[in-house]
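Based on the hints, put chains W and X in the right spot on chain F.
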Amino acid sequence: MAHTVETIAKALAARAEGDLSLPIDAAAEPAAAGPRDLALAMAPKYVESISQGHAQAALLHEGADWKALGLKAAIFVERPRLAMAGLSRAFDPGPDIAPGIHPSAVIDPSAEIGANAAIGPFVYIGKGAKIGPNARIASHVSIMEGARIGSDALIMNGVRIGARVVIGDRFIANPGASVGGDGFSFVTPEKSGIEEIRETLGHREAIREQHWTRIHSLGTVEIGNDVELGANATIDRGTVRATRVGSGTKIDNLVMIGHNVQVGEDCLFCSQVGVAGSTRIGNRVTLAGQVGVNDNIFIGDDVIAGGATKIFTNAPAGSVLLGYPAIKMENHVTAWKNIRRLTRLFAQVAELRETVAKLTEKGGKS
Amino acid sequence: MAHTVETIAKALAARAEGDLSLPIDAAAEPAAAGPRDLALAMAPKYVESISQGHAQAALLHEGADWKALGLKAAIFVERPRLAMAGLSRAFDPGPDIAPGIHPSAVIDPSAEIGANAAIGPFVYIGKGAKIGPNARIASHVSIMEGARIGSDALIMNGVRIGARVVIGDRFIANPGASVGGDGFSFVTPEKSGIEEIRETLGHREAIREQHWTRIHSLGTVEIGNDVELGANATIDRGTVRATRVGSGTKIDNLVMIGHNVQVGEDCLFCSQVGVAGSTRIGNRVTLAGQVGVNDNIFIGDDVIAGGATKIFTNAPAGSVLLGYPAIKMENHVTAWKNIRRLTRLFAQVAELRETVAKLTEKGGKS
Amino acid sequence: MAHTVETIAKALAARAEGDLSLPIDAAAEPAAAGPRDLALAMAPKYVESISQGHAQAALLHEGADWKALGLKAAIFVERPRLAMAGLSRAFDPGPDIAPGIHPSAVIDPSAEIGANAAIGPFVYIGKGAKIGPNARIASHVSIMEGARIGSDALIMNGVRIGARVVIGDRFIANPGASVGGDGFSFVTPEKSGIEEIRETLGHREAIREQHWTRIHSLGTVEIGNDVELGANATIDRGTVRATRVGSGTKIDNLVMIGHNVQVGEDCLFCSQVGVAGSTRIGNRVTLAGQVGVNDNIFIGDDVIAGGATKIFTNAPAGSVLLGYPAIKMENHVTAWKNIRRLTRLFAQVAELRETVAKLTEKGGKS
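Residue numbers (my numbering), protein chains in the order written: chain F, 1 to 366; chain W, 1 to 366; chain X, 1 to 366.
So that you can see chain F by itself, here it is in the shape it has in the complex (with noise of 0.2 Å):
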């Protein structure tokens, strides 16, 4: 990666000024940047902390002076996430995957792995997989028999998956990750406690032994493109259809994604959210941390729901939710405005009912 000010901007397709051959080797915050990496100071409170190291050049805001700052040379951006997003890609080594098939891989004769492979040691690929081309495959991964996938993906360490899969193209799954385990569904022979409860919202007549009948899970998990897949996050196969997670989506760490689940388009599902079995989620969901989202519901296009929201019921969409239960987030910050102001709600009621019965007493006397 031998960069300089030009192939930066280039790569940015931003404007920059100054000495456009600088050799850079790295992006750094402004303060610990050193001679030969590109300080980030997009906004101003970087700006000021320029001097506080040695960068010769910067990454700024437009408009900034980048001469009074001493350096000599800059790159202007107007939205300095999306340049992160260039820069990022720009420096980033990528993990050291050799190319070609690792000795200690066992990789099944009937598996077909595309041109340009790099895969790594104790990588088990097995009976007629199929892998696109230009793979990174890190150590340890396993990727069972007849899973499908596309081009340009990069599967880091011990990441499983399992039977079937079928992924897209420049799929990313992080450490760990799991897709096609099975999917969690039992039964009684009679009705369970679960099911009479979710009839009569609590209550329940006599109580029963039951053991749990398994259901095995026949169906396979269905990836679209450019999805990304968190560290230790799973995603469960579907009983008779697919599990389904739509292009564009990115999913976070420790997330669960129940069996039968079908996601949408370019969602954002932040870590540890869980989504139980059989619901559908539409397009440009976002789920902060920690959401919870029922089974057998309907989560609409572009809901945005707020940190540990936990959502039972169907929600439009458009939505913006929070809390549990989820209800709009300016209802919910209503609600917990209104629930501090309770003990003071208690006095003054307490306080009315004592005068009005002397009201009364005195009304009654007359």
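Treat the hints with caution; some may be incorrect.
Copies of the same chain look alike in the list, so a pair counts if it works inside one copy or between any two.
[Claimed, not checked] Below, computed lysine-lysine pairings styled on PhoX-like, alpha-carbon distance capped at 25 Å:
hint, residue 1, residue 2
1, K337, K358
2, K45, K191
3, K191, K10
4, K191, K328
In case anyone wonders, no lab produced these hints; they're calculated from the structure. Note that the coordinates shown come from a computational prediction; the quantities given were computed from them, not determined experimentally.
Here is chains W and X on its own, set in the frame of chain F:
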């Protein structure tokens, strides 16, 4: 798996009509079914979509008119989910793990492996471990020294079984599950802030610096028969005695069972449930997704807790709980109905106060 | 491990009486103790059950009459949990990892492994990685290029250490933990719905289609000394600077530490805690199970948050928090007392309104 309508009906102990010799390769949703698929059309809405597919045989609810649906054969069931259990078992090919021990596996000479084992690539089995007959162990599994596992185990890729863990028959573990990690148990030389606020419910005297000293986990984990464990779930070992999970209990993905916890039989713990250390849980307890259970408490038999319930105190047998903090499900529903009406209540009380103030004034004047 | 009452008392810096030469093999609960077990009977209820077992020696609270309990020797401790720390350390055999490097391990020639290493089967260590002396590394671990780990590490099966991660001395990682997965950081070309509702607390203008562009994680993870990490926990790498965890901090199973997060020293994060990106956490902060911490906020020193607390805003040093949203623990208790009394309050206000209406009417008549 060469099935016919007849063999499937027998497997389900169900009544069939029509051409019982029809060959069946798989189960499918009606609209997607091919001519050798059994259409799953137990619910009325699915019956309607049979004509959109190409099924010649279907699984129907008792009383459905299969001839009018253009089918050549039908199997009739009373309780569809129960039928799915038998059907999915019949059609599940199971993971492809070659019989015998893969040459790459490392198995300590002192380990005992039962008859008919299928052990995949890169499996490690430690000193003195004992595995019962018919074990299927997928790639990258580690089973540490002295662990004992009963017959007919199915242990998927990358599962970790710790030293001296004892597990019954028919154990199923999904990818990445960990049994026998260290308990999370630390102590400070003097009373810690946590110990203090537990006694005072929130108040603290002077805050002290405190370093944590580790309490090692000498105990193990003991798991009964017919237990299933979800992907990336974790069960920690006990401090002195064993952490225990009773027979028939099913545990979903990303669940955490803390050290010393005692779980009864036939429980169902859905995804991302957390049970903190030393808590005892009865039989047939159902915890929905993301439920949290405090440490050192007792949950009685047959308790059902709805999604994301946070249980801080003992729960009597048969309770149906919801909310944070957990209260009876019906009270939680009432509580939030009330909370949503608070803004109106505040307005009413304000109005009352005004009216009563006027009345009092008038009364004072009179 | 050949122990006697005397060697154990020394290890605990505790006073012993009776036959100090009694051999002790293990620690046990009193009722289950054999003749070579040390009965753990520090609490009165355990003292009573000594007679149910066969222990000849016990760990007792100062002042207990060991002779009357039929014992041959006793060790006296003041703070039982602290004694457990020393005792459990003395009796813990540790995992069985053979000294040296297992022949199946793949270690890059440029990696440096310190003296006295024990490295198990199927371990992969990448280019230029440096591991300090006395490392114990169980099977299936991967340590990627350029990672540096201090002395006396204990890294259990299937742990993933990412490229360039830096870890101090005495690191303990339980099975499946992942350090250095990619941060979850994405950007849309135009302002996203999330950015908008953060500014407006719930309102949105027109909803736009939006695809997510990835911000690569160029930063790493830096971990201090004496840090422990639970099974399947995950710590993501930073965007530019490192994600940091201070010395002495203990992290339980399935915890998520997001990118750029800065965690102080001697913190305790219980199971399933989630800390979102770029948040700073002080020293000695205790987060109980399932606590969630918003991104980009600040948690002061010595904060304690009870189970499942959801912290959305900065928390001042020393706060004791509970609830969703997090409020002072004592206020949360009051809030739910008030909420449970609401049905009665609604009835009182309705009655008041009726009475006052009558009074007003009467007053109006007069």
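Subject >> Enumerated hints in conflict with the structure, sorted upward >> reply: The structure conflicts with hint 1 only, although it agrees with all the remaining ones.
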